[in-house]
Amino acid sequence: MNQTFTIARRELISMFCGPIAYVVLAVFALGTSLVFFYTFGPGQEAEIRGLLGFVGRFLLPFIVPAVTMRLVSEEIQNNSIELLMTSPVTDAQVIMGKFLGALAFLAVTFTPLLFFVALLEAFGDPERGPIFTGILGLFLISGFYLAIGTFCSTLTQVQIVSFIVTLAIILTFTMFVDSISSQAWGTPEFKKVMFYLSANRQFDDFGMGRIDLTNILYFASGIGLFLFLATVMLQSRRWR
Amino acid sequence: MTEETPKPESKPAADTQSTRRLKYGVNVIIAVTVAVTLTALLNYMVYENRDDIRVSWDLTATRRYSLSEQTEQLLDNLDKKVRIVTVFEDPIDQIKESWQNTIDVADLYGRFSDKVTVEHIERVRQVTQYDLFRAELHDRFEDELKPVNAAIDQTVANLEKYDEQSGDLFTALVEALTEEKISREYAEQIGAVTLEFRRYDSNKGSQRKMVETQREEPMPFYSGMIRDLQQDVAIRRRVAMMSQYLKAESADSGISVKAQEKVLRIVESMEKLVPLVSDLAIAEVSSPEEYEQLRRDVESRYPVVLLTDEVIRVVQLEEMIRLSEQQEEGAEVPNLEFLGEEILTGTLVSMTFDKSPMVVFVFSGGSDPLGPSGSWEMRYFQVTERLRNMNFDVQSWSAAPQMGNPQMGIPPRNDPPPVPETGQKAIWVLLPDFSSSDPNRAQMGNIARERAAKHLESRLKSGDSALVMFSISPQASRGGIDPVREIVTDYGITPQTDRLIMQEVQINEEQTTVRTNFPINQWNIDSPITKAIRGLRGILAESSPLVIDDEAGVTPLLSLKEPRLWSLTDFTSSDEKTYDKETAEEEFVIAAAAEKGDVRMIVMGNPVFASDRITTNASRGLERQYNGLTFRGYAAAYPGNSEFFVNSVYWLADLEQLIASSARAQDSRRIDSIEDGTLSGLRWAAWVGMPAVVLVMGMTVWFIRRRG
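Residue numbers (my numbering), protein chains in the order written: chain C, 3 to 242; chain B, 4 to 711.
Keep in mind that a hint or two might mislead.
Far from chain B, some chain C residues (derived; all Cβ distances over 10 Å) [unchecked claim]:
1) Asn80
2) Ser82
3) Leu85
4) Thr88
5) Ala94
6) Leu102
7) Ala109
8) Val119
9) Pro128
10) Asn202
Restricting the straight-line Cα-Cα distance to at most 25 Å, the calculated cross-link-like pairs of lysine to any residue (SDA-like) are [stated by the list, open to error]:
11) B:Lys250 x B:Lys265
12) B:Lys358 x B:Gln296
13) B:Lys99 x C:Phe7
14) C:Lys193 x B:Lys265
15) B:Lys118 x C:Arg203
No lab work stands behind these hints: they were computed from the structure.
Beta carbons are placed, not taken as given, at the ideal position from N, Cα and C, and that holds for glycine.
Starting from the given sequences, assemble the full structure and let the hints guide the process.
Here it is as structure tokens:
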């Protein structure tokens, strides 16, 4: 476990040594503040459901691939992957460490949200329940996207390819299935499956103030699956 | 014999790289397949069994995303598939939260039950879905609309033939009469005919296009098409009729013989065309009212449409919200209470009736409370509409015999009362006998009252329920016997219709006045009927007290508890009314509920409690504050009266689940006032400050790394 956290810490520090981290932070801060202040004013609702929805649907699908594209791809490109794979850590620990490092980076990225919550507390009386569940949901959906990005990063040494493939998979779980489930054609059962697969729909409950086991299971199983796939891909490097 | 040298053991050939790759590759494929399958299976199992292992937490302050037990039970027991479709466009600020709550509640229903599917259609952005949905609704009325479409097609075809064969008759008429010496009277008639011809001319050829344009709509406006075509037919018939004047008067018109012949020929041509616009089906046909109402409802701003294979119901957003009693002065956005779950659940219940309950308003004289004529005080349109929206079969019956009119050949008759079907629950709403205050009509009123009482008695024995209203009765004050009163007394409730409740009110230190109208702000919360309307305003006007037999298990529903109350017996006299200690009480019961076996009864000592006079009375103050909002019933002055009546009917029909429990406050949390300068500062701090901090951090790290 120590090795995992060591890798995570190292990953987090190395992220802040590159320009991408600051671009991501700045874009997130600017984007969220624009959206927040669009609905922040006297008499408006004291809540961040709309903001969290914007982050989950429109920001994360682009920010996360940018964060994860270099996770393993850079190691492969720099040939430091061999060093990593010959060190006394398992592939699962490597993947887990990188995932946790990226997740910690996203946690730092989300700090402007605390500023907005503080404003609501100062100038209104927001319901804390939906804020808590909304942020919990944000971490779960971020974790899900990060797991996808981590897996895609193991597929190639070219970072931009990793970015694009991650984005494509995320959009499949969001825009594509949303679009399919809202079309006029298709059987009700098929639409139900599409509805269930939609990461946006699973995330919406958290924004409302609800925590449902099925939502948590969706994200947890998705994270587990993609991290497993990433581990398998990394292991395959030994015999390919 | 020499020992044989043991042969060295043969080693297996080393795996080639491709063999190794194949082995590992197959392993990986199997592992991935198993992982994906297990993940899918786990999600599937949890989703399919979520009813049994449902674990969810609703962390909102008012638990607004949790369904009540009543709703959950209903959804568990649903045996029909229900589709809930919300149609909306960008909601205005005043109802944005309410609309979001509506969508969230609808989604909860879909999540809870496999039998419920939920769909949200944004009218402007999802035009195709919206059109397909409306077309689907239209197709449900295919059979009823067949004769309508046939009549429309027939009329359009006939009008086209008429126009084709009529040619340019107007021009021909003008040519025939040009340069003719015409008498003044004939000239006036020509002027009138010309007008009709001009009207007809401008109308020619427009019908088919109008019909085609309308039919392109997913839900065509058939009533409009029928009306327009009827008008077009009428125009052509009038042209033919007006032409007859010309024919009749042409001999005295002063025109030449040649011109007369031309006019006659034109008029004869018109006469030949008359059959094309006579006896058309369009004159008799009408679009199904249910279809037209549905069309209006779906095209209104925020409808929620509930559909089963057999039934369609539309609930409007304004039915799911009501104004909270707590309002902030001058607030742009009103405080609202949300009734979405209660209304949707009630609607679902009503859609699953095997037989719709029947409600019959029984009146003993005066006008039909459900009829178009009659005064506002005697009408019950508002509560009737609410009950019909919940799939109740509401009718009326006059217990008074019809005298007929021998001079006009109209025989006297006694209309029989409606008869409930086997298994259908019926609730008899007996309206008070107003005619007894008029001595001239007392005799007829007595006959009607006897008939009503006899019928009520027999229906109660069959298991029906009753809501009986009483008014003050001069006859009762003279010792007259009301047969209906005798029936309700058997249930432990005795109306004192020889008394009128009054209150002495202090105007100033020296002067007092009396009043007979009382606002209701508190309801008895022991009964589900009134518990649900706690906090709603109501009013009582001119009421008589009820005496309750406590041992009969009667539940008081509504009482008056005011200081200086007394009951006046001499209410017909014009003497000044003064407080009477002998008849004074601290509390008078005005409404009570009783049960005897399966039979339920509610008695009210107030005659106009739920009439339109009360229930459609809007609050001017509230209208002024929220001017521009168009919600129906939004600013009702006394919403409690309508709710009480409707809840009483639900209780009498053994459908307590339809009684909307207390509305949940929407718990609107809003941002307080902020000075413009502060808001501006915060905005700049966020838009510029935060990204700037990030960039400064980045630059600092870069410099440090460069130096290090």
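Against chain B, does Ala109 of chain C keep a CB gap of more than 10 Å to every residue?
-> holds, 15 Å
Are all C-beta atoms of chain B more than 10 Å from that of Asn80 of chain C?
-> Asn80 of chain C clear of chain B: closest Cβ-Cβ about 18 Å, beyond 10 Å.
Would you say Asn202 of chain C is clear of chain B, with no C-beta pair closer than or equal to 10 Å?
-> Holds, because the least Cβ-Cβ distance between Asn202 of chain C and chain B comes to about 13 Å, which exceeds 10 Å.
Restraint status (C-alpha distance of Lys193 of chain C to Lys265 of chain B at most 25 Å) | violated, 72 Å
For the pair we were handed, Lys99 of chain B and Phe7 of chain C, check the Cα-Cα distance against 25 Å.
-> Violated: Lys99 of chain B and Phe7 of chain C sit about 46 Å apart, past 25 Å.
Restraint check for Lys118 of chain B with Arg203 of chain C, where alpha carbons must lie at most 25 Å apart | holds, 20 Å
Holds or violated: are the alpha carbons of Lys250 of chain B and Lys265 of chain B at most 25 Å from each other?
-> holds, 10 Å
So is Thr88 of chain C really clear of chain B, every C-beta pair being over 10 Å apart?
-> holds, 18 Å
Is the Cβ of Leu102 of chain C more than 10 Å away from each Cβ in chain B?
-> Given that every Cβ of chain B is farther than 10 Å from that of Leu102 of chain C, nearest at about 20 Å, it holds.
Status of Val119 of chain C, Cβ more than 10 Å from any chain B Cβ | holds, 13 Å
Can we trust that Leu85 of chain C is non-interface, i.e. its beta-carbon lies farther than 10 Å from all of chain B?
-> Answer for Leu85 of chain C: holds, closest chain B Cβ roughly 22 Å.
Under the criterion that the straight-line Cα-Cα distance not exceed 25 Å, is the pair Lys358 of chain B, Gln296 of chain B satisfied?
-> holds, 22 Å
Of the numbered hints listed earlier, those contradicted by the structure are 9, 13, 14.
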